[in-house]
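Peer 1: Sequence:
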Amino acid sequence: MLYINSGLVGAKAMRNALSPEEDTSGAKVLLINMRSHHSDLLDQTQKSYVDRRSFFLDILKRNEDLRRPGVPSFDVMQLEKLKLSADHTHEDWMELAHLIKEEYHNYRGFVVESGSDNMVATSTAVSFLLENLGKPVVFTGSLIPGDRIYTDMKRNIILALAFASCSQLCEVCILFDEMLFRANRTIKVSRCSLRPFDSPHFPPIASMHGGVMTIHKVLLRPRPTGRLRVDSELSTMVLTLKMGPGAPFEFFEAAIEHTKAPALILRCYGSGNGPTRQSFMKRLLAKAKARDLVVVISTQNRYGVVDLSEYEAGRQLLEAGAISAGDMTQETVIVKLKYLFGLGMSPKQVRKSFAVDMRGEASSPSAKL
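Under our numbering, think of the first position of the sequence shown as 604, with each following residue one higher.
Accuracy of the hints is not assured; some may be wrong.
[As the list claims (entries may be wrong)] Computed list of lysine-lysine pairs in DSS-like fashion (alpha-carbon distance at most 27 Å, straight line):
1. 863 / 845
2. 892 / 863
3. 684 / 664
4. 686 / 704
5. 684 / 791
6. 951 / 890
7. 885 / 955
8. 845 / 885
9. 686 / 664
10. 686 / 791
11. 951 / 892
12. 757 / 684
13. 863 / 820
14. 704 / 684
15. 845 / 955
16. 757 / 863
17. 686 / 757
18. 955 / 890
19. 863 / 955
20. 892 / 820
21. 890 / 863
22. 820 / 845
23. 791 / 845
24. 820 / 704
25. 757 / 664
26. 892 / 955
27. 885 / 951
28. 791 / 820
[To be verified] Using C-beta positions, here's what the derived DEER-type ranges look like:
29. 858 / 904: 14 to 24 Å
30. 831 / 748: 14 to 24 Å
31. 794 / 670: 23 to 33 Å
32. 686 / 797: 32 to 42 Å
33. 895 / 852: 18 to 28 Å
34. 923 / 698: 32 to 42 Å
35. 952 / 852: 45 to 55 Å
36. 946 / 905: 25 to 35 Å
37. 912 / 881: 18 to 28 Å
38. 861 / 829: 39 to 49 Å
39. 840 / 689: 18 to 28 Å
40. 913 / 853: 22 to 32 Å
These are calculated hints, taken from the structure and not from any lab test. For every residue, glycine included, the Cβ atom is placed at its ideal position computed from N, Cα and C.
Start from the sequences, fold in the hints, and give me the full structure.
Peer 2: Put into structure tokens, the structure is as follows:
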């Protein structure tokens, strides 16, 4: 683990404790880097000489704006193994959650710098792992490499630090382009726009416009009454099958018969519709039921909501034991199943608990925003 203070004058090894001079009792924000940075401006020969561990630190050192009055004071840590976000796994999620718990009483809030490709899954997982979270954890990054003069990294980090200093926030969020979203409500919608994320079924919980920070208090998570806990292992296996025109039943049948996963996510059309030919969905659910798989029906529509009571086909799925994903995102559905099974729940318990809103990830059926 590497650690530097907000003076950005150097790096030193750190493990578990701060010296009395550095212990600010929560006055600072902790900036955690988990991304492997490299410069797209360098050719392959030059890249071989770049120190990947110091690359992010060097970028911070060169940004004098990070040390201006008004920017929250912060320390920096880097995970032991820096990775591209596409390579982040359950182990990385657990390591990050335990690091935040370990440093929880030393900092006012936390900023996590990560790649955007897998940011939604990582931040959603952390939102479930951190039970009774009472401080902000803000994920951010950049679409333009941090060593370019027109990068969006500096602005995103400064704003993330500002939001991570807000005592009103007590949840995991994603900050890009002045918009703060609840992490487990967020989806990635673009790789080109400087605002690559959106929240289709829940408004941004805060924003920064014209230098004015606006926090929508009515949307915030309630402050927890218990102590912070990280008490779950994550199940590593969930099977996801996507419906497609003319998809052969035999393909789905084989996947269900041979999977070792305890849960199946069926990505259907519209509000949860699937093929009706030859009792396709009923036969599929029967196969899953025979193996006691937890079956969740989600939608392929990026901005869609599953309502299995809307059509007869959906009502048949409910009768067959399927569960509606409601307005939960794809990443949330996957992570929530992994989390519930990681708690040691049986399939019956997971079916009962899945619809319960645990971290602000789901709306009640009657909720209107």
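Peer 1: Please go over all the hints and tell whether each is borne out by the structure.
Peer 2: Status of each hint after checking the structure:
Distance hint between residue 863 and residue 845 is fulfilled; the C-alpha atoms sit about 18 Å from each other, no more than 27 Å. Distance restraint check for residue 892 and residue 863: the Cα-Cα separation of roughly 14 Å lies within the 27 Å cut-off, and the hinted pair is therefore satisfied. Taking the CA atoms of residue 684 and residue 664, the gap is about 21 Å. The hint holds against a cut of 27 Å. Between residue 686 and residue 704 the CA atoms are separated by roughly 21 Å; this keeps the pair inside 27 Å, and the hint holds.
For the hint pairing residue 684 with residue 791, the CA-to-CA distance comes to about 25 Å; that is within 27 Å, so the pair holds. For a cut-off of 27 Å, the pair hint linking residue 951 to residue 890 stands: about 17 Å separates their Cα positions. Annotation: proposed proximity of residue 885 to residue 955 holds, straight-line Cα distance about 21 Å (limit 27 Å). Taking the CA atoms of residue 845 and residue 885, the gap is near 16 Å; set against the 27 Å cutoff, the hint holds.
Proximity of residue 686 to residue 664 is assessed by CA-CA distance (about 21 Å); at most 27 Å being required, the pair is judged to hold. Of the supplied pair hints, the one linking residue 686 and residue 791 holds, its CA atoms being roughly 19 Å apart against a limit of 27 Å. Straight-line distance between C-alpha atoms of residue 951 and residue 892 comes to about 11 Å, which keeps the hinted pair within the 27 Å bound. Simply put, residue 757 and residue 684 have alpha-carbon atoms about 23 Å apart, close enough for the 27 Å limit, and the pair holds.
For the hint pairing residue 863 with residue 820, the CA-to-CA distance comes to about 43 Å; that exceeds 27 Å, so the pair is violated. Under the criterion of a C-alpha separation no larger than 27 Å, the hint pairing residue 704 with residue 684 is consistent with the structure, at around 19 Å. The straight-line distance between the Cα atoms of residue 845 and residue 955 is roughly 24 Å, inside the 27 Å bound, and the hint therefore holds. For the hint linking residue 757 to residue 863, the alpha-carbon distance of about 44 Å lies beyond 27 Å, and the restraint is violated.
In summary, the hint linking residue 686 to residue 757 is supported, as the alpha carbons are separated by about 20 Å, within the 27 Å threshold. Note on residue 955 and residue 890: the hinted pairing holds, with a Cα-Cα distance of about 20 Å set against a maximum of 27 Å. Restraint check: the Cα-Cα separation between residue 863 and residue 955 comes to about 21 Å, which is no more than 27 Å; the hinted pair holds. A threshold of 27 Å between alpha carbons decides the hint, and for residue 892 with residue 820 the separation of about 43 Å lies outside it, so the pair is violated.
A distance of roughly 14 Å separates the Cα atoms of residue 890 and residue 863; the hinted pair therefore holds under the 27 Å criterion. With a C-alpha separation of about 37 Å, the suggested pairing of residue 820 with residue 845 is violated against the 27 Å cut-off. In summary, the hint linking residue 791 to residue 845 is supported, as the alpha carbons are separated by about 19 Å, within the 27 Å threshold. Restraint check for residue 820 and residue 704: satisfied, since their Cα atoms lie roughly 25 Å apart, inside the 27 Å limit.
Restraint check: the Cα-Cα separation between residue 757 and residue 664 comes to about 11 Å, which is no more than 27 Å; the hinted pair holds. Simply put, residue 892 and residue 955 have alpha-carbon atoms about 15 Å apart, close enough for the 27 Å limit, and the pair holds. Straight-line distance between C-alpha atoms of residue 885 and residue 951 comes to about 20 Å, which keeps the hinted pair within the 27 Å bound. Distance hint between residue 791 and residue 820 is fulfilled; the C-alpha atoms sit about 24 Å from each other, no more than 27 Å.
Distance hint check: the CB atoms of residue 858 and residue 904 are about 22 Å apart, consistent with the given range 14 to 24 Å. In this structure the supplied range 14 to 24 Å is violated for residue 831 paired with residue 748, their Cβ-Cβ distance being about 34 Å. One distance hint, 23 to 33 Å for the beta-carbon pair residue 794 and residue 670, holds here, with the actual separation near 31 Å. For residue 686 paired with residue 797, a C-beta distance near 23 Å fails the hint of 32 to 42 Å.
A hinted range of 18 to 28 Å holds for the C-beta pair residue 895 and residue 852, which are about 20 Å apart. Hint check: residue 923 to residue 698, Cβ distance near 39 Å, so the stated range 32 to 42 Å holds. Between residue 952 and residue 852 the beta carbon distance is about 30 Å. The supplied range of 45 to 55 Å is therefore violated. Remark: the range hint 25 to 35 Å for residue 946 to residue 905 is upheld by a beta-carbon distance near 29 Å.
About 24 Å separates the C-beta atoms of residue 912 and residue 881, a value consistent with the hinted range of 18 to 28 Å. At about 41 Å, the CB distance of residue 861 to residue 829 agrees with the hint of 39 to 49 Å. Taking 18 to 28 Å as the suggested C-beta distance range, the pair residue 840 and residue 689 conforms, at roughly 19 Å. Checking the proposed 22 to 32 Å range against residue 913 and residue 853 shows it holds: the Cβ atoms sit about 29 Å from each other.
When held up to the earlier numbered hints, the structure conflicts with 13, 16, 20, 22, 30, 32, 35 and fits the remainder.
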